[in-house]
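So the protein sequences, as listed, match chains A and B. Residues 0 to 73, numbered by numbering that gives the first Met the number 0, are exactly what the first sequence covers, in order. Residues 0 to 263, numbered by numbering that gives the first Met the number 0, are exactly what the second sequence covers, in order.
Certain hints may be false.
Said to hold, decoys possible - With the C-beta cut set under 10 Å, the calculated list includes, among others, these residues of chain A facing chain B:
no. : residue
1   : Ser33
2   : Ala41
3   : Ala42
4   : Ile66
To be clear, the hints were calculated from the coordinates, so they are not data collected in a lab. Quick reminder that beta carbons are idealized off the backbone N, C-alpha and C, glycines included.
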Amino acid sequence: MTPPVTATLAIRVNGDPRRVAPGTTLAEVVAELSSAPSGIAAAVNEAVVPRGAWSATALADDDRVEILTAVQGG
Amino acid sequence: MSDDTLTIADRSFHSRLIMGTGGAPSLEVLEQALRLSGTELTTVAMRRINPAARGSVLEVLQRNKIAVLPNTAGCFTAGEAVLTARLAREALGTNWVKLEVVADERTLLPDPIELLEAAETLVDDGFVVLPYTNDDPVLARKLEDVGCAAVMPLGSPIGSGLGIRNPHNFQLIVERAQVPVILDAGAGTASDAALAMELGCAAVMLATAVTRAQQPALMAEAMRHAVDAGRLAHRAGRIPRRFHAEASSPMAGRAELDPEAPAF
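Isolated chain B, as found in the complex:
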């Protein structure tokens, strides 16, 4: 595994698990989970400053040498998302952005028209754009065509924990993509993360599955192992699925025994 690094744009990562920070009951719980997840890249949201806030998620990330990936969560239009990304670049000193432009609060599904427009604008403005997208192979291709550094299709709606609802679409996206494909949203437990990697995703991004688990740190550790296991399985190449059994022991060389004369 040592040489199996994830490369996005000009940066390489040993961990293929990108974490979110939303939903954790406290910064202490979050920090423990992030450590056990092994993540090297983690998202934050941009919000109005609260003078009464105690502690800072940025301090947690800095302390643990985790790169910050600002998102544009809560944006419904390309304009909002572009301005939020520019504010994040100014505040955090990074030109990386996890681009989210959602259509409505009920589904939190990406608005493909606004998303593509925002992606194009931000790429032109020098951003490394990682868009949260539908599990739509056509949209994924268009996002790549405008210069996105990765594509992040959803497995199922944000926070739903419903896993990957359309593995076939993931295979179609992975098959064609020249940039990393990263599962974003929907992972509920370790097997979902492993499946994403087995399908050929380059990485998994998740938050809720860990931060709202009964024991976030334990689930973070599970996710780390799941991503590693799924990645190894993908590289190893799985056996084809068969309708009938296929013996793994040879039939040749068996002893000649009287089947009517059992020894018991």
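So that you can see chain A by itself, here it is in the shape it has in the complex:
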């Protein structure tokens, strides 16, 4: 049976399970967590995605997204 076109995607964002609409981009997921214009990096399935490519990066089912920033340490 063909899944309905409205089926959501199951992804993980910083370890938390999320359901998003098909076509959701990495830029949209990052924007929910921060509006900072710099200082943030994102990886999808252990691959760094440059900031300039976030809006062109559509997420897929089972994608694991990590969104990191600098904190006190070292």
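Using the hints provided, position chain B relative to the given structure of chain A.
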């Protein structure tokens, strides 16, 4: 001192104190300590973004014109460390990385095999790699051989405040290294930082000794002076250690006095 700059890769620094930012009770306390330390290069860690976080360590560094040095703290494998370094480069716009690959949480000692592999990969990827390493002269040499811009041997375990447990190894590392040797981890108080510099280290990296001191700003100032004093002493060249005393006043030209006829 004015011309005695620290050069790592293509950058020069007047301060030889590299600070960490972990352990400070607040960003305000951290900022005051960083200012008094005189540091020009300071580490941060990379962690999942917390939308509820208030203030930013990056803003503190930018405000004080301190260069940011991302670390790979918390990484246990070369793969984790390489990805973390690449994320830091993307987030912070720097290809410098303080490379940490530790073996376990109890000792936080570097895993030499994973460390060397990560260092080689990151150097090949264009990073300026500053590895946190054991106080092992052989490993230090191998890290330099794969292209690390400095080596950062531990004096004692991270956060232990036990100082430099093997000064002899530090001398062996310094003696051979062609890149800056930077004490990393173990400094507990000012004399530890001074000793590192006296042994020929190019710089000292510390965090806990300042951020968890009873008065962080005061200890930061102490560390700044200790690093400067130790550096000057190293350049000045210390006297050899002697078993017996050696008079600093001349024996010649003394007055002839009757030792049996005291004037009192």
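Do the hints match the structure? See the list:
1. Ser33: Result: holds, 6 Å to nearest chain B Cβ.
2. Ala41: 8 Å, holds
3. Ala42: With Cβ-Cβ at 6 Å, under 10 Å, it holds.
4. Ile66: 5 Å, holds
In terms of the numbered hints stated before, the structure departs from none.
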